[in-house]
Amino acid sequence: MNYVNPMKPSERMKIPRQVSIEQTAEERNRNFNEVSAGLDEARAVLEAARCLECKNPVCIEGCPVTIDIRTFIQLIFKKDFIGAANKIREANYLPAICGRVCPQETQCEIVCILGKKYEPVAIGKLERFVADYEISNNLFIPPVITNHIDQKVAIVGSGPAGVTCAAELAKLGYKVTIFEALHGLGGVLRYGIPEFRLPREILDIEMERVRQLGVEIYKNFVVGRTATIDELFNEWGFEAIFLGTGAGTPTFMGIPGESLSGVYSANEYLTRVNLMQAYQFPDSDTPIKVGKEVAVIGGGNTAMDAVRTSLRLGAKKAYLIYRRSRKEMPAREEEVHHAEEEGVEFMMLTNPTRILADGNNWVCGIECQKMELGEPDESGRRKPIPVKGSEFVVPVQTVIEAVGQKPNPIIQTTTEGLDVSKWGTIVVNDVQLTSREGIFAGGDLTRGGATVILAMRDGKIAADAIHKYLSDKQDGKTESK
Amino acid sequence: MFPIISKEILSSTITKYVIHAPFIAKKRKAGNFVMLRVVDNGERIPITLVDSDSNAGTITLIVQAIGKTTKLLATKNVGDSILDVVGPLGVPTPIELHGQIVCIGGGVGTAEVYPIARALKDVGNTIYSIVGARSKDLIILEKEMGAISKEIYVTTDDGSYGRKGIVTDPLKELLDANKDIQAVYAIGPLPMMKAVSNLTKTYSTKTLVSLNAIMVDGTGMCGGCRVSIGGKMKFACVDGPEFDAHLVDFDELIMRNRTYVDLEKIADERCKLTPSIAALAGGVK
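Residue numbers (this note's numbering), protein chains in the order written: chain L, 190 to 670; chain Z, 31 to 315.
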C-alpha cells in the first residue's frame, strides 16, 4: 500500500471536515435550485488530505457497490480529478447521482476511522465533486467497448437498478435495450427526487452517458401492456430480462376524507412537480394546488421531499406529521436537518385520524391524535399507541400522504411463473434471479422501498449473474453444435 | 414520436386522428386507452382507443377539443407528430355473449362505446344503441353505431336532431318494452352515466361505465384517479377504467374532477394567446 499524502496522521486529523457551499435556508425554501453547490476544488483537495489512507479501508466495505474509495481520494489529493471519476465509474456508473442522494452517513462514512474521534471524511461530497468537475469541464469520455456479444438483454425500467444493470452489460458487450413506461428517463430519480436535491441537467447527463454505451432506449413502453415479458422473449428475441420497475404504487392510510380535493399521494404530488414541472404552471400545462397550510404524513425521505417541495410551492406553513418520534424516522438525517432549517414544523407522535372537508369538497383540516411509544414491534422500533381523548384539528388545505409504496403489479399479473411475496415484491435469490429462468429483478421491486444505491447494487449483481447465465447458455449452444 | 397519418373533422370540436403507433396497434383491445402528451411541458391526458390496424401499425383516436391539450392537438395536422403516446392501458372490456345489450354514448363518449359495441356485436350480441349529445353538431358515429345495431336512438338536449331529451328516455322505454336486455354499457359525461346507473338500478340490469378520472401517469403510479367502487378505493387507470355502475360513487368523482377547474381556465385562457389555437377557434391572432 502506497501513501500519496506526505502529511502525518496527526496533521491530517487537525484539518476540519470541509463543508459545501449551500443556499441559505430562507433563500432556498422559495426556489427549486439545488440546495448545495458542493465543494470547490480547494476544499475538495483539502478534504482529500484528511483521508488517513488506511491499509485496510473499511469505507470500501461500507459501500454497497464497493467503490475503491481510498484510491479515488488519493487521486483527488494528486489533483487527478478525472482519474478519480474514472476510478469511481469502475464500480458505479452514476457518480454525479450517488454523490448527491446516497446516504453516505450510514454507509461508507459511518465506518471511516477518522470518524471515531473526529468527523469522517466527506466521501459523498468528494464523489460529487469529481463527477461535477468532469461534467463542468466536459471531460467525460465513454468507455470503449471492444468485445461485442450477439445476445440481447431487455431492461425494464430506467431507474437506478435498471440503468446500472444496463450500463454494466453494455460495457461487457451485450446488446441492451431499456424499456421505460414514462416519457422521461430515470424512474424515481426523475419523478420522485426533487430538483433541489438532484437537478434535471445532472440526471439528463447521466442518462445520456448510458445511451452512449450503445444502449437502445424505448420510452413510452409499458412492459406488460405494450408488450408482455413472454413477447419480449419469444418475438423480440431477448435472451435475458432484468426487471427494475420499482415500487411506484402509492398506499393510502385508509382514513375518511382521502377522496377530497386537495389530498395527494406523495407520488402524485412529486410526479406533478418533478416529472411534469407543475411548479412552472401555467408555463407548463400540468396544474398543482397547494394550500397556505400543508400537512405531509410520513417520516421517510419521500415525506421530506414532499414537505420541502410544499414550501417551495408557496405554502406558509408546512407540517410533517409522523406517528413515532423523531428518532424512529427513516429519513436521512441530512434531509431532516434541511427540512428543519427551511422551516418545516415537525409534529411527532401524531397520527391522522380523518381529513375534514369544507362545503366545496376541499380539504379544510386534518384531525389527529397524540401517540405515545410502547414496546418495540417486529421492526425493532417502539410501537406508537394512541392517547385516548387527545384528538385535535390542524387547519390545512392540502394533505399529502407519504406512507409507503408497493411495486406496480402490471408485470407480475401478466407474467406466468413469477413468485411474488405478500408485500407484492418479486422474490429473488442471492444473485437477483427470480423464480423464472432468464428473468432477474432488483431495486425497490424486490426490496419494496429502499435506496438508490441498493438498487444499483442489485443491478450490478444481476448484471454479473446475467453475464454468467448468457455465457453458459452460449457455451451450451456451441457444445451441442 | 408518433406521426399523424390522417385527420378528419367530425364536428366543430371533435376530430378523428389516425396515428402511427405500431406497438400499441398490435395490442389494443376494446376498452383500452392511451396517455398522450402533445408537446414538451405539456400535460399527459388519457384518451380512449377507438380502433387500431395492426397491419398498418395505426391507432384511431376521437378527441373533443375542450381543454388546452386537446385544443393543441387539434392544431396538429397530417405529417405532424405527437410527442408521447403510451399504451394500451387499462383493463380491456370483457367481451362476453350476454344476448341483448344497450350501448349508450353521450357526446364524445360515443367514440369510446363504439369499439366496445362492435366487439360485443362480433361475438353474437344484439345491440340497441342510444347516441346522445347536447345538440346536433356533437352527434358523432351515428352511421357506424347504426350499422352494428338492431335499433338506434338519437337524442339531443335541445331537440336540434333526433329526439329532444336525454339518453335515459329511450333507455327507459327499451327496458320497459324488452325484459331480455342483459346489460347496459354507458360512456359519456359523469352526470349522464349517473342518470343511466340510477335508472338501470331500478331494473336490476347489469350496467358498466367507463370512468374518466384525473390521471397523471395512467399506469397506477399516482393514485390521482382513485374512485370509490362499492366503498373500496380503486385506481381507474389500472383497476378500470370500466366498473360496475351500480357500485360507483358518482358524486364523489364529479366533485374530485372539479379539483383543477380554476387552473384549467387559466390554461385555457393561455390557449387564446397561442396563435395556432386562436386561429382554430376563429379568434383574432
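Honestly, I wouldn't trust all of these hints.
Unchecked claim - Computed far set for chain Z versus chain L, every beta-carbon distance over 10 Å:
{"#": "1", "residue": "Ile34"}
{"#": "2", "residue": "Ser258"}
{"#": "3", "residue": "Arg286"}
Said to hold, decoys possible - In silico DSS-like pairs for lysine-lysine, Cα to Cα no more than 30 Å straight-line:
{"#": "4", "chain 1": "Z", "residue 1": "Lys302", "chain 2": "Z", "residue 2": "Lys264"}
{"#": "5", "chain 1": "Z", "residue 1": "Lys209", "chain 2": "L", "residue 2": "Lys408"}
{"#": "6", "chain 1": "Z", "residue 1": "Lys180", "chain 2": "L", "residue 2": "Lys478"}
{"#": "7", "chain 1": "L", "residue 1": "Lys341", "chain 2": "Z", "residue 2": "Lys57"}
{"#": "8", "chain 1": "Z", "residue 1": "Lys59", "chain 2": "L", "residue 2": "Lys595"}
{"#": "9", "chain 1": "Z", "residue 1": "Lys262", "chain 2": "L", "residue 2": "Lys577"}
{"#": "10", "chain 1": "L", "residue 1": "Lys481", "chain 2": "Z", "residue 2": "Lys295"}
{"#": "11", "chain 1": "Z", "residue 1": "Lys264", "chain 2": "L", "residue 2": "Lys595"}
{"#": "12", "chain 1": "Z", "residue 1": "Lys46", "chain 2": "L", "residue 2": "Lys572"}
{"#": "13", "chain 1": "L", "residue 1": "Lys408", "chain 2": "Z", "residue 2": "Lys180"}
{"#": "14", "chain 1": "L", "residue 1": "Lys595", "chain 2": "Z", "residue 2": "Lys262"}
{"#": "15", "chain 1": "Z", "residue 1": "Lys106", "chain 2": "L", "residue 2": "Lys408"}
{"#": "16", "chain 1": "Z", "residue 1": "Lys46", "chain 2": "L", "residue 2": "Lys408"}
{"#": "17", "chain 1": "Z", "residue 1": "Lys264", "chain 2": "L", "residue 2": "Lys611"}
{"#": "18", "chain 1": "Z", "residue 1": "Lys151", "chain 2": "L", "residue 2": "Lys478"}
{"#": "19", "chain 1": "Z", "residue 1": "Lys295", "chain 2": "L", "residue 2": "Lys611"}
{"#": "20", "chain 1": "Z", "residue 1": "Lys56", "chain 2": "L", "residue 2": "Lys341"}
{"#": "21", "chain 1": "Z", "residue 1": "Lys224", "chain 2": "L", "residue 2": "Lys408"}
{"#": "22", "chain 1": "Z", "residue 1": "Lys180", "chain 2": "L", "residue 2": "Lys364"}
Said to hold, decoys possible - Selected chain L positions facing chain Z (Cβ under 7 Å, derived; list incomplete):
{"#": "23", "residue": "Asn220"}
{"#": "24", "residue": "Pro445"}
{"#": "25", "residue": "Asn550"}
{"#": "26", "residue": "Gly606"}
{"#": "27", "residue": "Ala639"}
Derived from the structure by calculation, the hints contain no laboratory data. These figures come from a predicted structure and were not determined experimentally. Think of the CB as a built atom: it goes at the ideal place given N, C-alpha and C, for glycine as much as any other residue.
### Task
Compare the distance between the alpha carbons of Z:Lys46 and L:Lys572 with 30 Å, and conclude whether the hinted pair is satisfied.
Judged against 30 Å, a Cα distance of about 58 Å means the pair is violated.
### Query
Within a Cα-Cα threshold of 30 Å, do Z:Lys295 and L:Lys611 meet the stated pairing?
Measuring from Cα to Cα gives roughly 44 Å; hence the hint is violated.
### Task
Decide if the proposed pair is consistent with the structure: Z:Lys56 and L:Lys341, CA atoms, cutoff 30 Å inclusive.
22 Å, holds
### Query
Holds or violated: L:Lys408 with Z:Lys180, Cα cutoff 30 Å?
43 Å, violated
### Task
Below or equal to 30 Å on CA atoms is what counts here, so check Z:Lys264 against L:Lys611.
19 Å, holds
### Query
Was the hint right that L:Ala639 lines chain Z, CB cutoff 7 Å?
Interface hint status for L:Ala639: violated (18 Å vs cutoff 7 Å).
### Task
May I ask you to test the interface hint for L:Asn550 with respect to chain Z, counting a Cβ-Cβ separation under 7 Å as satisfied?
Holds: closest Cβ of chain Z sits about 4 Å from L:Asn550, inside 7 Å.
### Message
Checking one constraint from the list: CA of Z:Lys151 to CA of L:Lys478, max 30 Å. Satisfied?
### Response
Distance of about 44 Å is beyond 30 Å: violated.
### Task
Please settle this one: Z:Ser258 was flagged as non-interface, so is its CB more than 10 Å from every CB on chain L?
Not fine: 6 Å to the nearest Cβ puts Z:Ser258 too close to chain L.
### Proposed proximity, Z:Lys262 with L:Lys595 (alpha carbon, max 30 Å)
Holds: L:Lys595 and Z:Lys262 sit about 18 Å apart, inside 30 Å.
### Message
Checking one constraint from the list: CA of Z:Lys106 to CA of L:Lys408, max 30 Å. Satisfied?
### Response
Status holds; Cα separation ~22 Å.
### Query
Is the Cβ of Z:Ile34 farther than 10 Å from every Cβ of chain L?
16 Å, holds
When the structure is compared with the earlier hints, violations turn up for hints 2, 3, 4, 5, 6, 12, 13, 18, 19, 21, 22, 23, 24, 26 and 27 and for no others.
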